[in-house]
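K.L.:
Okay, here's what each chain looks like letter by letter:
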Amino acid sequence: MSNNSANWLTRFHRLGSPPSFYHLAGMLMPWVAVICVALFAAGLYWGLVLAPADYQQGESYRIIYIHVPSAWMSMFVYAVLAASSAISLIWRMKLAEAVARASAPVGATYTFLALATGSLWGKPMWGTWWVWDARLTSELILLFLYFGYMALVVAIEDKRTASRAGAVLALVGVINLPIIHFSVEWWNTLHQGPTVTKFDQPSIALSMLIPLLLMASAFKFHYLYAMLARVRVEILDSERRTAWVNALVTQRPS
Amino acid sequence: MIEFFQMGGYAIYVWPAYAITAVALILAVVSPLRRRVQMIRELTDIAGQHDANRSE
Numbered sequence: 001m002s003n004n005s006a007n008w009l010t011r012f013h014r015l016g017s018p019p020s021f022y023h024l025a026g027m028l029m030p031w032v033a034v035i036c037v038a039l040f041a042a043g044l045y046w047g048l049v050l051a052p053a054d055y056q057q058g059e060s061y062r063i064i065y066i067h068v069p070s071a072w073m074s075m076f077v078y079a080v081l082a083a084s085s086a087i088s089l090i091w092r093m094k095l096a097e098a099v100a101r102a103s104a105p106v107g108a109t110y111t112f113l114a115l116a117t118g119s120l121w122g123k124p125m126w127g128t129w130w131v132w133d134a135r136l137t138s139e140l141i142l143l144f145l146y147f148g149y150m151a152l153v154v155a156i157e158d159k160r161t162a163s164r165a166g167a168v169l170a171l172v173g174v175i176n177l178p179i180i181h182f183s184v185e186w187w188n189t190l191h192q193g194p195t196v197t198k199f200d201q202p203s204i205a206l207s208m209l210i211p212l213l214l215m216a217s218a219f220k221f222h223y224l225y226a227m228l229a230r231v232r233v234e235i236l237d238s239e240r241r242t243a244w245v246n247a248l249v250t251q252r253p254s
Numbered sequence: 001m002i003e004f005f006q007m008g009g010y011a012i013y014v015w016p017a018y019a020i021t022a023v024a025l026i027l028a029v030v031s032p033l034r035r036r037v038q039m040i041r042e043l044t045d046i047a048g049q050h051d052a053n054r055s056e
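Residue numbers (our numbering), protein chains in the order written: chain A, 1 to 254; chain B, 1 to 56.
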């Protein structure tokens, strides 16, 4: 192995150590915030003002710019939760445990938003706030999976045991992700089919697709910011008896 | 401008959806920021008490 790549590996390894990550996250967060706000400003202006009304749904379709990104993020964050859970089970990496714990409440927020905004869109378009169809029910199950994970992790006293138990639950719940995604194809449903992620061509006009992608990116950066902020709290909490946290809190003018 | 806020008659669905989203996204960010400040204050107090015990 070349000297260079060994050096790179050590650096990567050091990044995974709680104090380095704590400081790195603190340095990254202002930049993430600026990008996030800029993407939201562009996405909202484009989506609410510039984009044309839908020929079938009129102005009500504009809920898409928050509903679809929320729904995507609800699944994306669950995938992160599951992946970091797997890493924490296999390599016992503390940082992965912190990422998993930090992701769950943010993912639950997106899931709640997907359901709430979907309900507000469903009422004028379908004539009902809620139906027990496959897409909506599987998304509701996703919300309960997040709640289950969060409840389990706080219920067990020992933090590392709690993370391990949570990780197993998170991994079992992964089965729900393909069910959510394919639910609109496998079962008859009121929910419209995929418009963007179809393999042939997206059935959405470019003038509507661009703001949707801007909003989706804004949500990604929002997750990154919220997750990093939560990971910092998790690190401080689990490392509270270490020398570096002690040095950190005593240096700070109070 | 008024037309914009009316959202083609769908204002009572569109704006609450955006309001709920704004509140939830802001809370998701503000709560960990506040918790970190609280925790640092708490840990500073504990460190201060340890120092006081040691000097006694």
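Fair warning: there could be bad hints in the mix.
Unchecked claim - What follows is a set of in silico ranges between Cβ atoms, one per label pair, in the way DEER data are often shown:
#1 A:Leu190 - B:Met1: 40 to 46 Å
#2 A:Ala205 - B:Gly9: 34 to 40 Å
#3 A:Asp133 - B:Arg41: 18 to 24 Å
#4 B:Ile12 - A:Asp133: 19 to 25 Å
#5 B:Ala11 - A:Ser20: 46 to 52 Å
#6 A:Met93 - B:Arg54: 50 to 56 Å
#7 A:Pro178 - B:Val23: 29 to 35 Å
#8 B:Glu42 - A:Gln56: 25 to 31 Å
#9 A:Met150 - B:Asp45: 53 to 59 Å
#10 B:Asp51 - A:Val49: 54 to 60 Å
#11 A:Ile35 - B:Ala19: 50 to 56 Å
#12 B:Arg41 - A:Gly193: 24 to 30 Å
What the hints assert, rightly or not - Incomplete in silico selection of chain B near chain A, CB under 7 Å:
#13 Gly8
#14 Tyr10
#15 Val14
#16 Ala22
#17 Leu25
#18 Ile26
#19 Ala28
#20 Val29
#21 Val30
#22 Gln49
#23 Ala52
Stated by the list, open to error - No more than 25 Å apart at the CA atoms, straight line, and that leaves these computed lysine to any residue pairs for SDA-like:
#24 A:Lys94 - A:Thr195
#25 A:Lys94 - B:Glu42
#26 A:Lys123 - B:Glu42
#27 A:Lys220 - A:Trp186
#28 A:Lys94 - B:Gly9
If you are wondering where the hints come from, they were derived from the structure by calculation, not from laboratory data.
Predicted model only: the values in this text are computed from it and were never measured.
C-beta atoms are modelled at their ideal positions from N, C-alpha and C, and glycine is treated no differently.
K.L.:
Now tell me, hint by hint, if it's right for this structure.
P.N.:
The hints, checked one at a time:
no. : hint                           : verdict
1   : A:Leu190 - B:Met1: 40 to 46 Å  : violated, 34 Å
2   : A:Ala205 - B:Gly9: 34 to 40 Å  : violated, 22 Å
3   : A:Asp133 - B:Arg41: 18 to 24 Å : violated, 48 Å
4   : B:Ile12 - A:Asp133: 19 to 25 Å : holds, 24 Å
5   : B:Ala11 - A:Ser20: 46 to 52 Å  : holds, 49 Å
6   : A:Met93 - B:Arg54: 50 to 56 Å  : violated, 35 Å
7   : A:Pro178 - B:Val23: 29 to 35 Å : holds, 31 Å
8   : B:Glu42 - A:Gln56: 25 to 31 Å  : violated, 55 Å
9   : A:Met150 - B:Asp45: 53 to 59 Å : violated, 28 Å
10  : B:Asp51 - A:Val49: 54 to 60 Å  : holds, 57 Å
11  : A:Ile35 - B:Ala19: 50 to 56 Å  : violated, 24 Å
12  : B:Arg41 - A:Gly193: 24 to 30 Å : violated, 51 Å
13  : Gly8                           : holds, 3 Å
14  : Tyr10                          : holds, 4 Å
15  : Val14                          : holds, 6 Å
16  : Ala22                          : violated, 9 Å
17  : Leu25                          : holds, 6 Å
18  : Ile26                          : violated, 10 Å
19  : Ala28                          : holds, 5 Å
20  : Val29                          : holds, 5 Å
21  : Val30                          : violated, 9 Å
22  : Gln49                          : violated, 12 Å
23  : Ala52                          : violated, 13 Å
24  : A:Lys94 - A:Thr195             : violated, 39 Å
25  : A:Lys94 - B:Glu42              : holds, 23 Å
26  : A:Lys123 - B:Glu42             : violated, 47 Å
27  : A:Lys220 - A:Trp186            : violated, 28 Å
28  : A:Lys94 - B:Gly9               : violated, 51 Å
Hints 1, 2, 3, 6, 8, 9, 11, 12, 16, 18, 21, 22, 23, 24, 26, 27, 28 from the earlier list are contradicted by this structure; the remaining hints agree with it.
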